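Undergrad: Kindly generate the complete structure, drawing on both the sequences and the hints.
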Amino acid sequence: MRKMCMMRCLLLASLMSLSSLAWSADAAGVQSELLLKTQQSWDGKTYPAYPAGQPEVTLLRITIPPHTALDWHQHPIINVGYMLAGTLVVENQVDGSTKTLHAGDPLPELVGTVHRGTNPGDEPATILVFYAGVVGSPLSTK
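If you count the sequence shown from 1, position 132 lands on 132 in the numbering used here, and the numbers rise without skipping.
Bear in mind the hints are in silico, worked out from the structure with no lab data behind them.
Mixed in with the good hints, there may be bad ones.
Listed next, the in silico DMTMM-like pairs over lysine to aspartate or glutamate satisfying Cα-Cα at most 25 Å (straight line) [unchecked claim]:
#: 1; residue 1: Lys45; residue 2: Glu91
#: 2; residue 1: Lys142; residue 2: Asp71
#: 3; residue 1: Lys45; residue 2: Asp95
#: 4; residue 1: Lys45; residue 2: Asp71
#: 5; residue 1: Lys142; residue 2: Glu33
#: 6; residue 1: Lys37; residue 2: Asp122
#: 7; residue 1: Lys99; residue 2: Glu123
#: 8; residue 1: Lys37; residue 2: Glu56
#: 9; residue 1: Lys45; residue 2: Asp105
#: 10; residue 1: Lys99; residue 2: Asp71
#: 11; residue 1: Lys142; residue 2: Glu91
#: 12; residue 1: Lys99; residue 2: Asp122
#: 13; residue 1: Lys99; residue 2: Glu33
#: 14; residue 1: Lys142; residue 2: Asp43
#: 15; residue 1: Lys99; residue 2: Asp43
#: 16; residue 1: Lys37; residue 2: Asp105
#: 17; residue 1: Lys45; residue 2: Asp122
#: 18; residue 1: Lys45; residue 2: Glu56
Quick list of the computed label-pair ranges, beta carbon to beta carbon [as the list claims (entries may be wrong)]:
#: 19; residue 1: Gly136; residue 2: Ala28; range: 38 to 46 Å
#: 20; residue 1: Trp72; residue 2: Gly44; range: 39 to 47 Å
#: 21; residue 1: Pro124; residue 2: Thr46; range: 29 to 37 Å
#: 22; residue 1: Arg116; residue 2: Ala28; range: 39 to 47 Å
#: 23; residue 1: Leu60; residue 2: Gln40; range: 19 to 27 Å
#: 24; residue 1: Ser137; residue 2: Val94; range: 16 to 24 Å
#: 25; residue 1: Trp72; residue 2: Pro48; range: 14 to 22 Å
#: 26; residue 1: Lys142; residue 2: Thr98; range: 15 to 23 Å
#: 27; residue 1: Ala28; residue 2: Lys142; range: 42 to 50 Å
#: 28; residue 1: Thr113; residue 2: Val134; range: 14 to 22 Å
Treat the numbers as computed from the prediction; the structure is a model and nothing was measured.
We put the CB at the ideal spot given by N, CA and C, even for glycine.
TA: This is the structure:
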């Protein structure tokens, strides 16, 4: 009985400690903002299942000069972008649809669909792109 009471007290003390840590983090001004949570790319297509194998993640910062269009390409793996600066227009070659992005916008990128990005502005467009694949997967193909 005494052992059970001690375990309960220890559990209660641990929970109180964790809640005070969470409170102190909030009191310190730490913030978390959900920018994107999706199972679909920007064109509404459901993402494919992850391939089997050793997971590998890649993070790129891509800067596109003003008035520049990227080559048409496709991604064999799931990726998501976050616009840091400028404007980017993403074009779907298959159906002609487009999506315009500005600083602060997330982009659930197309997978297996030919597309490109174009910077129509007078300033560089900078986007962070996070790729989630397996070792040996290319990030994009032409």
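Undergrad: For every hint, state whether the structure bears it out.
TA: Hints versus structure:
Between the alpha carbons of Lys45 and Glu91 the distance comes to roughly 15 Å, so the proposed pair stays at or under 25 Å and holds. At roughly 8 Å between alpha-carbon atoms, Lys142 and Asp71 fall within 25 Å of each other, so this suggested pair holds. With a C-alpha separation of about 13 Å, the suggested pairing of Lys45 with Asp95 holds against the 25 Å cut-off. Our distance criterion of 25 Å between C-alpha atoms is met by Lys45 and Asp71, whose separation comes to about 22 Å.
For the hint pairing Lys142 with Glu33, the CA-to-CA distance comes to about 34 Å; that exceeds 25 Å, so the pair is violated. Distance check on the hinted pair: Lys37 and Asp122 sit about 31 Å apart at the alpha-carbon level, beyond 25 Å; violated. Annotation: proposed proximity of Lys99 to Glu123 holds, straight-line Cα distance about 18 Å (limit 25 Å). In summary, the hint linking Lys37 to Glu56 is supported, as the alpha carbons are separated by about 20 Å, within the 25 Å threshold.
Between Lys45 and Asp105 the alpha-carbon distance is near 19 Å, which keeps this suggested pair within the 25 Å criterion. Between the alpha carbons of Lys99 and Asp71 the distance comes to roughly 17 Å, so the proposed pair stays at or under 25 Å and holds. Among the hinted pairs, Lys142 with Glu91 is consistent with the structure: their alpha-carbon atoms are about 15 Å apart, no more than 25 Å. Between Lys99 and Asp122, the direct Cα distance comes to roughly 18 Å. Compliance with the 25 Å bound is thereby established for this hinted pair.
For the hint pairing Lys99 with Glu33, the CA-to-CA distance comes to about 23 Å; that is within 25 Å, so the pair holds. For the given pair, Lys142 sits about 20 Å from Asp43 by alpha-carbon distance, which is consistent with the 25 Å threshold. Between Lys99 and Asp43 the alpha-carbon distance is near 9 Å, which keeps this suggested pair within the 25 Å criterion. For the suggested pair Lys37 and Asp105, the alpha carbons sit about 13 Å apart, so the restraint of at most 25 Å is met.
Straight-line distance between C-alpha atoms of Lys45 and Asp122 comes to about 32 Å, which puts the hinted pair past the 25 Å bound. Restraint check: the Cα-Cα separation between Lys45 and Glu56 comes to about 23 Å, which is no more than 25 Å; the hinted pair holds. The given range of 38 to 46 Å is respected by Gly136 and Ala28, whose C-beta atoms sit roughly 41 Å from each other. For the hinted restraint 39 to 47 Å between Trp72 and Gly44, the CB-CB distance of approximately 20 Å leaves it violated.
The hinted window of 29 to 37 Å between Pro124 and Thr46 holds, with their beta carbons roughly 33 Å apart. Remark: the range hint 39 to 47 Å for Arg116 to Ala28 is upheld by a beta-carbon distance near 43 Å. For Leu60 and Gln40, the hinted distance range of 19 to 27 Å is satisfied, since their beta carbons lie about 22 Å from each other. Look at Ser137 against Val94: about 22 Å separates their beta carbons, and that is inside 16 to 24 Å.
Evaluation of the 14 to 22 Å hint for Trp72 and Pro48 yields a pass: the beta carbon distance comes to about 20 Å. For Lys142 and Thr98, the hinted distance range of 15 to 23 Å is satisfied, since their beta carbons lie about 20 Å from each other. For Ala28 and Lys142, the Cβ-Cβ distance of about 47 Å falls inside the hinted range of 42 to 50 Å, so the restraint holds. For Thr113 paired with Val134, a C-beta distance near 20 Å keeps the hint of 14 to 22 Å intact.
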